[in-house]
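K.L.:
What follows is the residue order along each chain.
Protein chains: 2
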Amino acid sequence: MQLFFHHIQAKVHDVFQLDAEESRHLIKVLRKKIGDEVQVTNGKGQLLECEVNTENPKKAQLKVIRLVDKPKQRDYYLHVYIAPTKTNDRFEFFLEKATEIGIDEITPLVCEHSERKKIKLVRYQKIIVSAMKQSLQFHLPKLNDLTLFSEALQQSKTGENYVAHCEEEKQKKLLFSELNSAPGKRINILIGPEGDFSPSEINLAKSYDFTPVSLGKNRLRTETAGIFAVQQVATKFES
Amino acid sequence: MQLFFHHIQAKVHDVFQLDAEESRHLIKVLRKKIGDEVQVTNGKGQLLECEVNTENPKKAQLKVIRLVDKPKQRDYYLHVYIAPTKTNDRFEFFLEKATEIGIDEITPLVCEHSERKKIKLVRYQKIIVSAMKQSLQFHLPKLNDLTLFSEALQQSKTGENYVAHCEEEKQKKLLFSELNSAPGKRINILIGPEGDFSPSEINLAKSYDFTPVSLGKNRLRTETAGIFAVQQVATKFES
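Protein sequence lines correspond, in order, to chains G and L. Going by UniProt numbering, the first residue of the first sequence is number 1, and it counts up by one from there. Going by UniProt numbering, the first residue of the second sequence is number 1, and it counts up by one from there.
With the rest of the complex left out, here is chain G:
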């Protein structure tokens, strides 16, 4: 199965146009013809079963034949706050892997030790869409704009809050052991930059009720820490 994406809240019989990239892929690469069936998701939990209406390789039109609701397969809401890495590839890899494994919201952070203070939001959005389609999911994770660490903390949050950092701390347990897998949980996790959160950032997070957690014994790169956290949440809720 090959999934396409269109940001649409459609009804049966609606006709809509794929963007240039998706059109090219559909008509030039997959060589679909008028009347062929195509699967599209709107990233909002719907599968749109469509047929090709026009074969234009720049603006292919599709007609909606059937709508299928696709509820989330996971019973939690995971929001990761993470400082983008100096090397852009590494952060993009995090976005792809987190989406494949299962995440609901991502907030790129600016921290005291941040090396990257500008991000490519449009490009990041494309990576997330592509990973959603590739892993046959129907819910697009929400990607927020770059946010200051202190502002992120001030946003109101419900659920369980964790801050993953590398400073030595006696009571720090593994994220996996701290997690509570009751259905419907909201989980917020802060992942620090290369060079970690500063001691004052860690204290600020604690004052906002973020529980310090470890991600194991090894020193992990930022993007590995992010992927590892997403995996531990997925493993906790599935096992």
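It is worth saying that the hints were derived from the structure and are not from the lab. Some clues are possibly wrong.
Which copy is meant is left open, so a pair is good if it fits within one copy or across any two.
[Said to hold, decoys possible] List time: in silico DSBU-like cross-link candidates among lysine-lysine, alpha-carbon distance up to 35 Å: (1) K33 <-> K206; (2) K170 <-> K72; (3) K170 <-> K44; (4) K217 <-> K28; (5) K33 <-> K157.
Since the structure of chain G is provided, determine the placement of chain L on it from the hints.
P.N.:
Relative to the frame of chain G, chain L by itself:
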């Protein structure tokens, strides 16, 4: 702390020479001078505390001052058999992340559906060394040469054997749930190529006592499946 690597079984007072790349990094980038302290690992569980003996940026010499044994921090042996991906970057990312999180042996596989039948062993080895140093570990994972699926199965194996595949199967549980975390365990995991193992490969693996396992509900790319498996083992043994 910054770790250097040299393939050496050294004694105190031994003098040895770093390779060209490590020499350049030590002398040109970090600007170390004669008498400065440097930490080196041999990837065999030893930390060599050294001092700079010559400042040559192509062949820096170091003198061993102290030897510190660094036992593995994990009490299991993990061997992952995995088919390299068509896009080389993705497989290299697996090598880096698996090493960071914790792995002991990697065998690149040739399967029926393999898209890549040639690999860059020297380059892969460098990535593993670099990830070991970066994550401050002292044990270098063993990287084997490309191996046919059927030959990999014929190699004698002790411990627990798992095959992660995407075919629907009734009894298939999550790897994490199947794992037994008794200390000292050897764990062998087969990860299929893009396009999965063929049904006859899955049957062959079962005939060699490999238990089929799932890595969750989403369709994961090969390299994501590999990283996810390594993470599930780490989490099982640490939690």
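K.L.:
Look at each hint and say if it fits the structure.
P.N.:
Against the structure, the hints come out as follows:
{"no.": "1", "hint": "K33 <-> K206", "result": "neither (58 Å within a copy, 42 Å between copies)"}
{"no.": "2", "hint": "K170 <-> K72", "result": "between (37 Å within a copy, 22 Å between copies)"}
{"no.": "3", "hint": "K170 <-> K44", "result": "between (42 Å within a copy, 30 Å between copies)"}
{"no.": "4", "hint": "K217 <-> K28", "result": "between (49 Å within a copy, 31 Å between copies)"}
{"no.": "5", "hint": "K33 <-> K157", "result": "neither (48 Å within a copy, 51 Å between copies)"}
Violated hints, listed in ascending order, are 1 and 5; each of the other numbered hints is respected by the structure.
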